[in-house]
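Reconstruct the complex from the two isolated chains, following the hints.
Residue strings, one per chain:
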Amino acid sequence: MRLFLVALCLSAVVPVQAAKDLGRKTTAPASELAGRWEGSLRLPGEDIRIIVDLDRSGAGAWVGSITLPTLDVKGAPLSDIASEGPRTRFILPTVFGGPPDGPATIEGTVQSSGTLAGIFAQGGNRASFSLHRTGQAQVELPPASTSIDAALQGSWTGDYEMGGYARHVTLELSNHPGAVATAKFGIVGKQPHALVVELIREDEGLLRIESSEFGGIAFEGRLQQPEELRGTIEQGAADAPIVLKRVTAGAQ
Amino acid sequence: MKRQACGLIFLAIAAAGAVQSQSVFRGDNAHSGVLAAQGPREFHRVKWSFPTGDRLVSSPVYADGLIYFGADDGNIYAVEAATGHQSWKHSAGGPVPTSPAIADGVLYAGSYDGRFYALNARTGATRWKISTGGERRFEARGLHGMLPATQTIADPFDIYLSSPTVADGVVYFGSGDGNIYALDAASGSLRWKYQTGDVVHASPAVADGVVYIGSWDSYFYAIDAQTGKLKWRFHGGEDPAIHNQVGFQSSAAVAGGIVYVGCRDSSLYALDAATGKQRWRFSTNSSWVITSPAVHEGKVYFATSDSSLYYVVDAATGQPILKIQDKAYIFSSPTVAGDVVLHGVLNGTLVARDLSSGRVLWQYATEASKRNIGWMLTADRRFNQQMIFRSPWREAPIVATERQLSVGAIFSSPLVVDGVVYFGSTDGNLYALE
Numbered sequence: 214m215r216l217f218l219v220a221l222c223l224s225a226v227v228p229v230q231a232a233k234d235l236g237r238k239t240t241a242p243a244s245e246l247a248g249r250w251e252g253s254l255r256l257p258g259e260d261i262r263i264i265v266d267l268d269r270s271g272a273g274a275w276v277g278s279i280t281l282p283t284l285d286v287k288g289a290p291l292s293d294i295a296s297e298g299p300r301t302r303f304i305l306p307t308v309f310g311g312p313p314d315g316p317a318t319i320e321g322t323v324q325s326s327g328t329l330a331g332i333f334a335q336g337g338n339r340a341s342f343s344l345h346r347t348g349q350a351q352v353e354l355p356p357a358s359t360s361i362d363a364a365l366q367g368s369w370t371g372d373y374e375m376g377g378y379a380r381h382v383t384l385e386l387s388n389h390p391g392a393v394a395t396a397k398f399g400i401v402g403k404q405p406h407a408l409v410v411e412l413i414r415e416d417e418g419l420l421r422i423e424s425s426e427f428g429g430i431a432f433e434g435r436l437q438q439p440e441e442l443r444g445t446i447e448q449g450a451a452d453a454p455i456v457l458k459r460v461t462a463g464a465q
Numbered sequence: 016m017k018r019q020a021c022g023l024i025f026l027a028i029a030a031a032g033a034v035q036s037q038s039v040f041r042g043d044n045a046h047s048g049v050l051a052a053q054g055p056r057e058f059h060r061v062k063w064s065f066p067t068g069d070r071l072v073s074s075p076v077y078a079d080g081l082i083y084f085g086a087d088d089g090n091i092y093a094v095e096a097a098t099g100h101q102s103w104k105h106s107a108g109g110p111v112p113t114s115p116a117i118a119d120g121v122l123y124a125g126s127y128d129g130r131f132y133a134l135n136a137r138t139g140a141t142r143w144k145i146s147t148g149g150e151r152r153f154e155a156r157g158l159h160g161m162l163p164a165t166q167t168i169a170d171p172f173d174i175y176l177s178s179p180t181v182a183d184g185v186v187y188f189g190s191g192d193g194n195i196y197a198l199d200a201a202s203g204s205l206r207w208k209y210q211t212g213d214v215v216h217a218s219p220a221v222a223d224g225v226v227y228i229g230s231w232d233s234y235f236y237a238i239d240a241q242t243g244k245l246k247w248r249f250h251g252g253e254d255p256a257i258h259n260q261v262g263f264q265s266s267a268a269v270a271g272g273i274v275y276v277g278c279r280d281s282s283l284y285a286l287d288a289a290t291g292k293q294r295w296r297f298s299t300n301s302s303w304v305i306t307s308p309a310v311h312e313g314k315v316y317f318a319t320s321d322s323s324l325y326y327v328v329d330a331a332t333g334q335p336i337l338k339i340q341d342k343a344y345i346f347s348s349p350t351v352a353g354d355v356v357l358h359g360v361l362n363g364t365l366v367a368r369d370l371s372s373g374r375v376l377w378q379y380a381t382e383a384s385k386r387n388i389g390w391m392l393t394a395d396r397r398f399n400q401q402m403i404f405r406s407p408w409r410e411a412p413i414v415a416t417e418r419q420l421s422v423g424a425i426f427s428s429p430l431v432v433d434g435v436v437y438f439g440s441t442d443g444n445l446y447a448l449e
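For the record, the sequence lines run as chains A and B. Start counting the first sequence at 214; every next residue gets the next number (the working numbering). Start counting the second sequence at 16; every next residue gets the next number (the working numbering).
Pulled out of the complex, with its shape left as it was, chain B reads as follows (with noise of 0.2 Å):
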């Protein structure tokens, strides 16, 4: 009981010491979830909403003044976050669902069109560009239970991209082509790669000179940073059957020398983060995890997907503290704010929590969600299965996730700044709340 005390506090100061400048995606290069700002206990208006055009699964980051994200429409934006007002933004050759990470006046974010880009943070002229081995979502055979079972299908929910962690110089991010880069922050050029056996589309935290990132060949990897070698790796479920309980899609937070990741295999994993060994594992009774916990005062706070629950678990053991039914699927990562909660809800809900009890303190539902086009929702804003999925054979499912996300589904984890909850929708608007 002393050394579970003594882990506590030691958990507490390391998530303290990792609240930094909302410069990267989950708040710090560890991916702690934990922002130095408070977020508000109230909701009063919608100070402004920037509209892009396409859908934005991206989590905004902040530098500056300026609110930058990805969007869809392949472009990357700087939006003044005073005003709203666009700043500047710079055109991928395809979709960008990622977050960019700002670093030194530069921003670092990846597209679909298989590049990476460095920009000039203020400007967003481009600093220099790289190739990867190009992007392509996770397949499978049977996916899901999508029929035929013969036929590979790309998976409709593989929905971000990897948002890369700059640290001591070198940018890392995860690819498509299932490599994990180290590029040289200043010129592009590569310092290493390392390839796992399938998609890599979660975002590295660093720690310590240590690389977490799991893939979606089911393991997850520890790679030195500076060596780009293999320190350790952990194997996740299998599901050699539809392939639907496999993969890390969650990115990992790490603190108090565990690393804390969610799989698709319905768990949430605490990992020693010396040596790869299991400290335990989270049941959520075959509901995927792909939030990236949040870390903060010896508590873990993440959400499932098909089950709808936040939770909030103990970090020393794992064992249960909160258990909150949501309406809808969860993927957006739950922010920590002070003593507010900030988590999306894919039916078009950005939900505002108290900190220790987990009480709702505020909702915001999108426009596009109370429009309920088609009826994509129930009445009391669940997801209403039926009517969106009308068949399991050929494209039926792939176009039923796409007007399943007419709702303005939250997949962008809030970020806060100065009292401001930022995040992106579905129908394509950077949302900021007061």
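With the rest of the complex left out, here is chain A (with noise of 0.2 Å):
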């Protein structure tokens, strides 16, 4: 966090509008920086709407999430959000994927005018932002894991074909105490691939599992009888029926 705060204070680029404003001591207090803000990312020869939702969760943390029209984007969730005096700092995690082209980050003053002004970085460039508060926040949280059913736990194999391609899937679920449930997500094909999971859940008996990985991959099912787990895997607009079996110790 002081590392951050250095790199708030050292940061190279502040547009000339935030500066003078800086230069005036602005003291909005940190509450002001909650709700919704709405404004342009001034690119070359093209504005980007921007609608910025920032509030407070129940512990006091600092949540977000981003919409921006233009570019497909709907209440996509806002990380490492940072707020010191006037000046705040956010990640865009998922907008522009990793690295190299992403994560993109806002750096930005809300200023005595009422405005949140400052930088969007992205792909090694940087373009200046103005946003004015139009309302109350509204920040649309990412679906989160949740434990899962007792008789999900254990390792499920199977397989599927999508484009021609036969491909293996292991899976192993896990609960634990007093936190979401985990998954180990395989598929082979040419190669294996040992998927990240982000996201675990059951929900009316239809188990969801998520990774955002060659585009995103996703598999979907309920449990059929005690060792077979029904559904589909899903990867971009393609999805494929697959029917995982339950492995039993001593088998592969």
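FYI, nobody ran anything at the bench for these hints, they're computed from the structure. Among the hints, erroneous ones may be present.
30 Å max Cα-Cα, derived BS3-like pairs, lysine-lysine [what the hints assert, rightly or not]:
#, chain 1, residue 1, chain 2, residue 2
1, A, LYS403, B, LYS338
2, B, LYS244, B, LYS144
3, B, LYS144, B, LYS208
4, A, LYS403, B, LYS342
5, B, LYS292, B, LYS338
6, A, LYS458, A, LYS397
7, A, LYS403, B, LYS292
8, A, LYS458, A, LYS403
9, A, LYS397, A, LYS287
Since the model is a prediction, treat every value here as computed from it, not as a measurement.
Structural data, given as structure tokens:
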């Protein structure tokens, strides 16, 4: 956190207006950061409409989401939201993916005029933005993982075919006391891939496991028999049926 | 080993013999990609730029002091090489994303209007024109993963039309109607046509009485130039799921009895010119080879799209000699000009490389790429994919591709005449650099 504050202080590029406002020693309290902010990212030759929602969670931490209507983004999560006096900084962890082009960052200052202005950075490019508060925050929180039915725990395996290619799936599901379930999700095509699982949920008996790798891969299915999990593998807009069988001890 | 050495010598002789007058796509009828000119090893200035009314993906050709090219504004242009002044323009009925061929004072070029034109190269006056079955882009259901998957979608990367080749009084070209045409160069009358299974936008190489050309039906054809009879055909890869890894968009180079051709199935193939038998295949690991290879002194020069790699491989074996990472997709075919190789990049950069080492000698960035409207490029000039491709649904990927080209992308293959480099850009300009 200290490093972050130093980084904010040393931020090399501050828009002219923001710098002037900083020179006037703006004193907007951090609570003024909460709300819905709307305005534009000023890219070369193109302004992009941006809507940012920032609020405090019940536990007091900042939460936020962002909407970029022309970039096909609605309610994407913000992370690493930090606030120091009138200054704030946060990350768009999903909108522009990971390195080398992402994540995008926003650094801004709440000014005495009531605007939030600063720098949007992505892919090594930097552009100024200016937002105006338009109302109360309407933060969209991403779906959270849950625990799962005890009958789903264990190891599962099955096969599917997509685009003419056969693939083998391994799934290992575990509950943890006082915490959400975890999954190890593997797909073997030409090469084995251990997918990073971002979401595991069970809702009215429907199990859903999501990974953002390879453009988004998900398993969704229900327990049909004690030893059979029947559902689909989704990859982008394509899907394929799959039946996962429980791996019993000693079996592969 | 001795046989290989003999092969190399033969290739060198064949390539040297192929060097002609820069009046046809890739420099000669065998499409060697080797020009009888020395490319500049240093960049000094923009000699001139010539604005057209739309993007320019055509590769310019040269004859008798004039630079000839087509543009997407629907015109065929002749511009004075010395001054950049327009000599004449001829209005076709549609975009002309193709390189003209000049032979015996006549210019030959096709257009998206489905017509093929023969013009007086000095004045632009029409000698004759014929209609084909009509132009169209390659299309397929769910192309490249675009959605909905049940919708037939035209390929925005099917960017060129077939550039004609003239040999022994006959002009050869491919068409979106799926045919390979052979017309009498003097009258335009049909000598023969050969029907393939899909769009033909590659350009025919003609060598030893055989026409070599690939189709989007995933076959590469060798056809008797006189009779139009099939001598052999070679099957490239298929991609029934999303039709991404299929089709010959690259134009072949023929040297030393071998046909070298890139394919969208992520391969560069070396085929026996007499039999069509595969000599070797170089895999690019899922990246298209749209560029037409240049063949020079036993080496093949080509580049890839998504992986943005510049390659030099051994012509006899396909073994890699050089592999150099570039910044963005390369559709522009490498041109060998003395000890310099030149090629364009879709991020709006023209690159000049040392022939033997591949080292970048100099680069030129179009003004449009420096403006970088809407951040189509990252700060280090790679394509900013997340900013470009916003949705896979409906027309969004097509619109995205158009936006991508706003950086002055260079699809055009460079021409070198008297030390000056000529090429087109999607910013609508023909550039002359020295």
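Structure-based check of each hint:
no.: 1; hint: LYS403(A) to LYS338(B); result: holds, 24 Å
no.: 2; hint: LYS244(B) to LYS144(B); result: holds, 25 Å
no.: 3; hint: LYS144(B) to LYS208(B); result: holds, 16 Å
no.: 4; hint: LYS403(A) to LYS342(B); result: holds, 28 Å
no.: 5; hint: LYS292(B) to LYS338(B); result: holds, 26 Å
no.: 6; hint: LYS458(A) to LYS397(A); result: holds, 15 Å
no.: 7; hint: LYS403(A) to LYS292(B); result: holds, 28 Å
no.: 8; hint: LYS458(A) to LYS403(A); result: holds, 22 Å
no.: 9; hint: LYS397(A) to LYS287(A); result: holds, 29 Å
Checked against the numbered hints given earlier, this structure breaks none of them.
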